[in-house]
Amino acid sequence: KAGVTQTPRYLIKTRGQQVTLSCSPISGHRSVSWYQQTPGQGLQFLFEYFSETQRNKGNFPGRFSGRQFSNSRSEMNVSTLELGDSALYLCASSLSGTNSPLHFGNGTRLTVT
Amino acid sequence: QKEVEQDPGPLSVPEGAIVSLNCTYSNSAFQYFMWYRQYSRKGPELLMYTYSSGNKEDGRFTAQVDKSSKYISLFIRDSQPSDSATYLCAMSAPNAGNMLTFGGGTRLMVKP
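Taken in order, these protein sequences are the chains called P and C.
First residue of the first sequence: 1, per this note's numbering; consecutive thereafter.
First residue of the second sequence: 1001, per this note's numbering; consecutive thereafter.
Hints in this document: simulated from the structure, not taken from any laboratory.
For glycine and all other residues, C-beta sits at the position ideal for the given N, C-alpha and C.
A portion of the hints provided could be inaccurate.
Stated by the list, open to error - Where chain C lies over chain P, by a calculated footprint (3+ residues, C-beta under 8 angstroms):
#1 47-55
#2 98-112
Said to hold, decoys possible - Facing chain C, a subset of chain P residues (Cβ under 8 angstroms, in silico):
#3 31
#4 33
#5 42
#6 90
Using the sequences provided together with the hints, build the complete structure.
This is how it looks when you write it as structure tokens:
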């Protein structure tokens, strides 16, 4: 079974631009979560989708948004990029919607210059 | 103070040693506890998943949860150089969906 796939692996953007990251979950998984990983703050929860509905949202500004499609694939968008948005963005999928093990992709490394 | 505390290390041990990794937490609502291993330039890989208190063993790995002390541990027996990675504890509360709170990670180095 293929794992969680994230594209692209690396991105370089300029401050003020926007970016869209993509995630394909493990086949059959209906829940997709997004996390931001930085050296200073570690792994922080962004949001979670289940059956195309956002169920939880972390403490991030409204510039961070996401969506999930009917095939469970998910995208996250960051608008008006800031230097502090430079991070590894990780997507994770799980089989069910509550307290089930999360399986992570290898992330998208975003650098904002 | 962070909800989940984890010693960042690095922790350096010789090959074959028993490794003990620990996390403490402050939120008594946490009921689900996980350990992830993360290699450089890779995503976290799930090692252990436990519910509530007690022990769970899987091969060379043993996870322990002591909810009365708000303390969880991961033991690695017969450590190998391939175990060198960052180990992250994570936990979640019931009815929180799949929202995890992570520790900052402990970097482990196993020397041949």
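Status of the hints after comparison with the structure:
1. Coverage of the segment 47-55 of chain P by chain C holds [criterion: at least 3 residues with CB-CB distance below 8 angstroms; count 3].
2. For the segment 98-112 of chain P, the proposed coverage by chain C is satisfied: 10 residues have a C-beta within less than 8 angstroms of a C-beta in that chain, meeting the threshold of three.
3. Contact between residue 31 of chain P and chain C, as hinted, is supported at the beta carbon level, the nearest pair being about 5 angstroms apart and thus within 8 angstroms.
4. Annotation: interface hint on residue 33 of chain P holds; nearest CB of chain C at approximately 5 angstroms, less than 8 angstroms.
5. Residue-level restraint check for residue 42 of chain P holds (minimum Cβ-Cβ distance to chain C is 5 angstroms; threshold 8 angstroms).
6. The restraint placing residue 90 of chain P at the interface with chain C holds, with a minimum CB-CB distance near 5 angstroms, inside the 8 angstroms limit.
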